[in-house]
Amino acid sequence: MSLREGGDAVGGLDAIRGTLPGARANARSVAALTENPGCTRRRVIDAAGVAAHELAEKLGHPTPRGQSPFAIEGGNRFEDRLKRRSGYELLVDALARYVDLPKPPDLIVEDVNDIGGRRYTPEWMDARVARTDDVLSQIARGDEHAPHIVDHPVLRFDLTGVTVNLEPDALAFRVGEKLELVEIKAYPIIDGQADPGKLASTAGQSAVYHMALRATLERLGFDPELLVWSVILVAPRNFGRQPVAHRIPLKKKSMSLARVLKAVPRTPDVLATLPDGLTFDVDPAAKLDGVALRWALRNAVESVPALYVPECVQNCDMAKFCRWEAWEHDDPARLGRTVRDNLAGVHSLADALRLATSGPAAGEEELADVAEALGDTYAAIQRARARVPTAGVTPPLPRASTP
Amino acid sequence: MTLLDVVMAAEAARAGAAVRRTAYRHVHLSDRPLVVVAYNLSGEAAAPLGIMYGTDNDPGKASLVVAAEPRNRDSRFGAINAFATDFVEFVRPHLILRAVPVPRKPGTFRQVTSSAPQIVTPNRATRAYLGARLGRSLRYLGLGDTHEVPESTQWTGAHLSWFAEHANLPGQSTFLAMTETLSQHFVTGQSALEDENLATLLAWIDGLPGDRLPELERLEQHAYGPVPNPDWERRLEPFVRAYTEGLREDDPERMRLAFEHVEREVRDALSVAYAATHRAIAVMRSISPAASVAKRWDNDVYEWGAHARRSANGIPRFARRHDPLRAAAMLQRWSSTAEELETDQAFDDPLILAGLDAAGRCVTGDVTSLDVDHKEIKPGGKNRTTVPLIKLTLTAPTQLLAGEVVRWAGEQRVKGELRDVHPESLTIAITGGVKALGEASVGVGDEMVFVGLDPWGGQNPWAPDEVPWTHRPTTSELAGDDSTDPTAGASDDSPDMTVAELAAIPIVGAVSPADEPGVIL
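Quick mapping for you: the protein sequence lines, in order, are chains A and B. Quick note: the first sequence uses this note's numbering, first residue 1, plus one each step. Quick note: the second sequence uses this note's numbering, first residue 404, plus one each step.
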């Protein structure tokens, strides 16, 4: 089936997934998508609802993704304590610095988890999305019975053509005032400072929620400026279990994310560039043996270009496969984003070394600039090495007997 | 990554072995540094499962402390206090003060130490964990509304806090992280992110025979701390639980068995990290030190001396945050030290100089004529002084322009000015260090390298005596929207859980990736 003719993007996506089990977008896949929006492979996998983790495993490059039971338990316990176990009182206290909410029993809480129906079914999610819409309308209208805290609202959002349901930890609303996005994390804030890496990923995640909330308010016909341009992070203070709240500004992050997402081609346009009849369901009848299956799948996946950088390992379940591919092709990107950009047009590290040592070959005129820079650098290294002959490529050091 | 790194990384990728980034070692190594490796319980800020430490490179001779349930105060401090006792013993000889005469001030003396302790961790994360986390969690204990702990634990908090702070000083060698040190000295064929894994970094240095990536992936599985491998923690969880149940039921035998199991697992895992860290030290030791390493280590000892003098009057106390004036002064010192370090290393090490050479900041050439008696009146001067003229035929390209100040790579004191710059030749007028140049007896035909670095030779600029604008409170802070928490520090914020709470923790099975919180479909 040709995607170009019918323009039937949904049909194309279904064909890519075939009979493979569908996957739900999760926090990890949204992060993978927003951290590297230029990666076609990730976009296609998400849009088609293919489980990236299983795909990588079938390719022979699974991403180890175990989570520590202690970390999961600690995180769940912290959130549970703030909410249910204290009747939301601890959360209200922590937020008091930024939002003045009434204490229980005057506090109105809408727990969108408690919607009834069988959990994790599509119907349940639809009901939660609808309930969230209702509550948001109530809030935006300034209804005096509007809830002060919306626990785990569900926002349906179109992320570059991939429909995802997002579930922020909470929304806090003081009737007649602004709507605040709240995110609960279990990493500590020590003397007012959190780990910068974790904070950055929280901000990135919250920026997506923020976009989704604005979009939802607009869709419902309200002014999105009701939502404050920030997220209130609630996390344990210092080494204990007492919560502390900090306001994290989101305006820059949210707007730059919106710009980036606007700049990437829409998913249907991306699909139009893919080979006809592409499918990741290469063996629906289960006839292939392990090696043949792996090869067939590899060919299918490799026909969708990836934009690999080493940081992908932190977010994306396909990263181990893409890393393997980058190594197979000796792709400069395996050294990092800056190297990939500095060596634009140079397809392998071996080529880079050849350009450095012997300049561009015939037909490589467009690489003259990068070849000259590499050549000058190589000459400088060789001059230096001539002054210290022992410092060239490392002479093998005596190996340790330790493991 | 600079282009120099890219070329070297391409060489490393082809050879399957790391390439030396430097000709010399730029850190000091003590005879017996203390290697510390640690596992922290995931989900906690500072609750060590185990710490292995020692000066002997045999893990069998290293000390190990283990907390089988770090969320329980007795268990946690059982391990921390034992580590603290040994740590204080390790530091003690370096705290001995002796009086030395102050130069150029007859009759006055200064209290100094003869040495400073050196701590080595496998990676940056462990260094940050030990200093900023564990050190910070211990240093206020015993004060105000906090739990009582032995004095050696408070001392350890103070010492670790000093190390954490000093670790920010560029070029310091008292608190080393081996991934950082090794990647300063070697270029591998993998990314900087992957170089943070000591196991794969060492594999590159030892050379990777055969199929490299599968071997590296196998090595990546082993966690060198402070975060343990999650699957390993999953296997450990039942034993931590058994220990807690033993605690609740007051069943010492059950506790002992669970403890032994946890200890064995932690020992096996940490031994590998411990041995690798010593291996990294051995790799570094096999490289001869650069000329200015001794000077920087002297400064480390000098600054440690200030901590030792404070320690003579009792446990030194550290502020949660520096006041703005101190923070500004410190930043200024760190940046001037960073500049000085860059210059010193460039003059010490031709391979580091190559970075400047590649950027066109060097003049390399053969001496074609030498006029050592040339005299001229320097700008602002009155008398004719000797300004030797050196004419060079360039053997490498340069981007420096006429009038730029350069220094001779062979001797920092020799300073000159570029004149008559042509693509093939130029003249350098020696405006400083004429005597040093004479002593070096340079002749026609010799190769000379000058570098476009002009380090500040005088005293450091004065530290600011008023708070610079960068460090003043913002308008919103002045207006009262202060983000500092007035109640912070009222207690020691310990992560203690009662035995009943520990027992109430639900058993967490394998969580499927789809059940991660945040987003659902």
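Everything labelled a hint here was simulated from the structure, so no lab data went into it. Nothing here was measured: the structure is a model prediction, and the numbers come from that model. For glycine and all other residues, C-beta sits at the position ideal for the given N, C-alpha and C. Treat the hints loosely; a few may be bogus.
Away from chain B, derived, C-beta distances all over 10 Å, residues of chain A [as the list claims (entries may be wrong)]:
{"no.": "1", "residue": "Leu20"}
{"no.": "2", "residue": "Pro64"}
{"no.": "3", "residue": "Ala71"}
{"no.": "4", "residue": "Asp143"}
{"no.": "5", "residue": "Pro224"}
{"no.": "6", "residue": "Val313"}
{"no.": "7", "residue": "Gly345"}
{"no.": "8", "residue": "Arg385"}
Footprint (simulated), chain B over chain A, 3 or more residues, beta carbon under 8 Å [unchecked claim]:
{"no.": "9", "region": "322 to 336"}
{"no.": "10", "region": "350 to 361"}
{"no.": "11", "region": "374 to 383"}
Checked hints:
{"no.": "1", "hint": "Leu20", "verdict": "holds, 15 Å"}
{"no.": "2", "hint": "Pro64", "verdict": "violated, 7 Å"}
{"no.": "3", "hint": "Ala71", "verdict": "violated, 4 Å"}
{"no.": "4", "hint": "Asp143", "verdict": "holds, 27 Å"}
{"no.": "5", "hint": "Pro224", "verdict": "holds, 21 Å"}
{"no.": "6", "hint": "Val313", "verdict": "violated, 7 Å"}
{"no.": "7", "hint": "Gly345", "verdict": "holds, 14 Å"}
{"no.": "8", "hint": "Arg385", "verdict": "violated, 7 Å"}
{"no.": "9", "hint": "322 to 336", "verdict": "holds (count 8)"}
{"no.": "10", "hint": "350 to 361", "verdict": "holds (count 4)"}
{"no.": "11", "hint": "374 to 383", "verdict": "holds (count 8)"}
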